[in-house]
Amino acid sequence: MNFMYKRLLYFISLIFTLWVIFLLPQKAPAQELELEEYRIKAAFLYNFARFIEWPEKVFENNSSINLCILGEDPFNNNLDTIHKKPVRDRILTVRRVNTVQEVRNCQIIFISASEKNNLMHILNELKDLSIFTIGDTEGFAQHGVIINFYIEQDKVRFEINVNAAKHSKLQISSKLLKLARIIDVK
Amino acid sequence: MLNNSTSLQPRENSIRHSLIRINRLTVGIVLLISLLALTTYNFLSYKKTLERNLAVQARIISTNSSAAILFNNREDAEETLSSLGTVPDIVTAVLYTKNGNIFAAYQKEKTTDGIPSLFFQEQGYQFGRNYLSLIQPVVIDTETIGTIYIKSGLKDLYFYLLAHLILIVVVIVVSILTAREFLSRLQKTITNPINDLVELMKTVSEGKNYSVNALLHGPSELQSLSHGFNEMLGQIQKRDMELNAHRQNLEEMVYRRTNELAQTNVQLREELTERQKAESALISTKAQLQHLLVLSPAVIYSCNPDDDFSFTFVSDNVKDQLGYEPEEFLEDPIFWRSNIHTENLDLILAGRNSLLNRGHHIHEYRFKHKDGTYLWVRDEMRLITNDKGHPFEIVGYWIDITEQKHAEEQITQRAFYDQLTGLPNRSLFVDRLRVSLESRKRNQDYLFAVLFIDVDRFKIVNDSLGHSFGDQLLVMIAQRLKKCVRTFDTVARFGGDEFAVLLDNIKGVAEIIPIIERIQNEMKLPCNLTRQEVFTSFSIGVALSDMSPYTQPEEILRDADIAMYYAKANGKACYVLFDASMHAQAVKVLQMETDLRTAIERHEFVLHYQPVVSMEDDRIIGFEALLRWVSPNGIVYPDEFISVAEETGLIVPIGKWVLYEACRQISEWQERFPQFQHLTISVNLSTKEFLQPTFIQLIENILQRTGLEARNLKLELTEKMIIENFEHAATVFQQLRALNVQVMIDDFGTGYSALNYMLYLPIDSLKIDRFFVRKAGANENVKEIVKTIITLAHALKMDVIVEGIETEEEMSLFKKMKSEYAQGFLFSKPLDNTSVEKLLEHYIPSVPVHNISFDTKQPAPAIEMENSSIKNLNL
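As you go down the protein sequences, you meet chains A and B in turn.
By the working numbering, the letter at position 103 of the first sequence is numbered 103, and the numbering carries on one by one without gaps.
When you read off a place in the second sequence, starting at 1, and then add 1000, the result is the number in the working numbering.
In case anyone wonders, no lab produced these hints; they're calculated from the structure.
Below, simulated DSSO-like cross-link-like pairs (lysine-lysine); rule was C-alpha separation at most 27 Å, straight line:
#1 B/Lys1482 <-> B/Lys1572
#2 A/Lys41 <-> A/Lys178
#3 B/Lys1524 <-> B/Lys1568
#4 B/Lys1098 <-> A/Lys178
#5 A/Lys178 <-> B/Lys1108
#6 B/Lys1818 <-> B/Lys1787
#7 B/Lys1098 <-> A/Lys175
#8 B/Lys1816 <-> B/Lys1775
#9 A/Lys166 <-> A/Lys178
#10 B/Lys1829 <-> B/Lys1816
#11 A/Lys175 <-> B/Lys1108
#12 B/Lys1098 <-> A/Lys155
#13 A/Lys85 <-> B/Lys1098
#14 B/Lys1818 <-> B/Lys1783
#15 B/Lys1656 <-> B/Lys1688
#16 B/Lys1829 <-> B/Lys1783
#17 B/Lys1815 <-> B/Lys1829
#18 B/Lys1047 <-> B/Lys1108
#19 B/Lys1098 <-> A/Lys41
#20 A/Lys41 <-> A/Lys116
#21 B/Lys1155 <-> B/Lys1108
#22 B/Lys1720 <-> B/Lys1787
#23 B/Lys1787 <-> B/Lys1816
#24 A/Lys84 <-> B/Lys1098
Hey, can you work out the whole structure from these sequences and the hints?
Right under this line is the structure:
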């Protein structure tokens, strides 16, 4: 009798332990999703570079494609994976800048959501430069950012402001265009 | 034949048809090869096109969907893939991510194939029975971002191939038909001239007419053929004529040769008859030989003179003689040798050498019969050599000589073995001894011993229990002796109760003592024979080979014999080792024997006389004759030479002389001294004398020659002599009584004292031994015994003589006991004849003898000697 009882107790405690272990990873689902989101966005940043063609004069001073993060960096260390990765015959380099004056040497600028209020000023500064602008804040594309990320059905998607691209003298591959939501405002 | 075949199958075998068949076959093969080549080419080229199309499709899809893959947009990728619906052959198309997971897929509606996993697939084209697939990477810039799988059905390919095939077949059929039409016409230009030639040949062969000629037309080759044919016909015509001539010639030759052959045939037949006669003679000779071989006790054989002596022939009678089949000898090269007794194998090898050296050899050996017994076989063989003198063959015969051997063995057995005991006899023993002596000559350390064994008291056993009992005892002794010695020692019987043992190769005396003791212990056990239990003992004389430098077997045997006599003298049942002193003694005895022989011739013996005195009145009533040997070395007393004389038999002539001389002397004295007319003379007898069959005649003869009255002769015998020869004694005593010769028992009381003989034998007197005289004075018991003896003697009407009286006390003692006569130094020592004569001259009957004084020539020391061993001096 005593033996049977001991075995039952042991079994119950095992079940309980397993239940606790199953509960543990469900602690912060939102935070987890956000991390995954920026890993994908980082990869997209690199892939965008492959479907964009800059005018030749942009690379007069250097050979690498500089990707600059303007404002607060939401990517954590996800950009490390694409830093110094080759794009056709060039190399993608990731840099972080705080003011718009620092971006003249950049070919791609990611405008962080933290610059939302300063957006118009930034875009105005970059108006005549062939710089590929990217954002992930709702409404950025409508305001003139060339590519803007958005989430649809838990998937990262992007929209392209074709006029802004045309204005910046950048050529975007039709393959990319085919995948994007086209924003056509002046 | 030729005509038949040409007429029966003209169509099938004709050149025309052959040509048609050849053409058809050729055209068919060419067309078939073309068909195969064309079809293969079409297949390969269409497949190549298909592959190229597939590659193009794959490239388009992968380029168009690269962005979709990169930006993870499945919808777009699927849309791109669905554009393949316009391409009819494509069945399946799949895009895989870099990790190999399915990213987007397209399948034609009716297709039931599953979407394949990329995992096991290899890149490149894959060609199946009804599909062609391609797997290639999706590359952007230089980076591979995924993989595309595209699969095309082959329906179109097969349709296209079928259409081509049908077209080609149609072309072939048309070609064949056309070619046939053309060929049949063209052939005639060739076949017609040939047919003409054939017809011509038929005509020639049927008519044997070689003078016709063929027409020259048709192609050039045929024309030259016709020309050649014409020439050939000419040649044949010529040859035909030559052949005819030749045939006639041949026929003549054949005729001649046939005649010759017939003659030869007759000769051959005659020869054959002769040969048959010779053959039948040979067969009958062979049969006779065969009969002889079977009848003959000898097995004939032949063998090769090689190492194995392998047999080539063994006659059939080997089965009768040895029990084996001839084949057994022929098939197994070692069969013969393996059946020879192992002890004889050396002999065989030696024999082989002898045969090869001398060409002829005979040997005898034991051979195992099939029934397991060994037969003695005489094997005589002869070596046959070829012209060059090389050994060629060995022929020989075997003959069973077992019985002969057996007989020989029996003869040997008789010659060398004692029939009773089966032991070696003296001659074999001596042979073996000689061998041992030879061994000793080669090796001085080689030591052996000879035991000379005599069975004590065997004569008594034999006499009292019978000869057959004695024989049984000897057999038992022989068995026991054999048991006691080592296997290689020799035990022999020398005859009678004498045995000898040769202990060979011993280490020393220490080794033989245990053997001797064993023999004696064995003898102590009773012999249980049929009726009686008998105890015997051995007297053993031992001679060792290193005692003296022996060269002859007889020498060592003699010494063993001497030692045995010493053992006997030592009181029997003991053994004595021979030593040099014995040898010296033996030599002395031998010398004495020689001297004794000459002593008779040289008259060196003399008699001394001791007076016998009457107790009653001290009168001399007679003398006892005592033998003395006046040898060149001085006087010798009987105890020194009598035993030798007895052994050698010289005692007989000596004894005869003593008897004669004593009787003669007394007779002479009786005449010279008239007052002594009744003098008696006592003479000691030896056993041998006594046992002489002519003993009684001798006594009669002596009495007659000397003129002595028989009653004055007293013959002295010991008890022992009487008891041992009782029957003889009884006869002789009766005869002596008849002659009136007196018989006296000498040394009474010292020997057996089996008194009963006294009751049956006619005995006149007893002589009491000096032993009793010495003791009677001091010992009352002895006195009583002596008294009893004297009483007994008187009761049996015997006189009593006491010898060795030396004192007056003794004299008076025996006087009291009423003994009749006395001898001794008290009266007189033995005297030579001159002294006796003096004594008799001066004799006064009333005066005791010992008081008579007279001169004596007798030297003092001689008396001393006589005194000390007086008993033994008596004869």
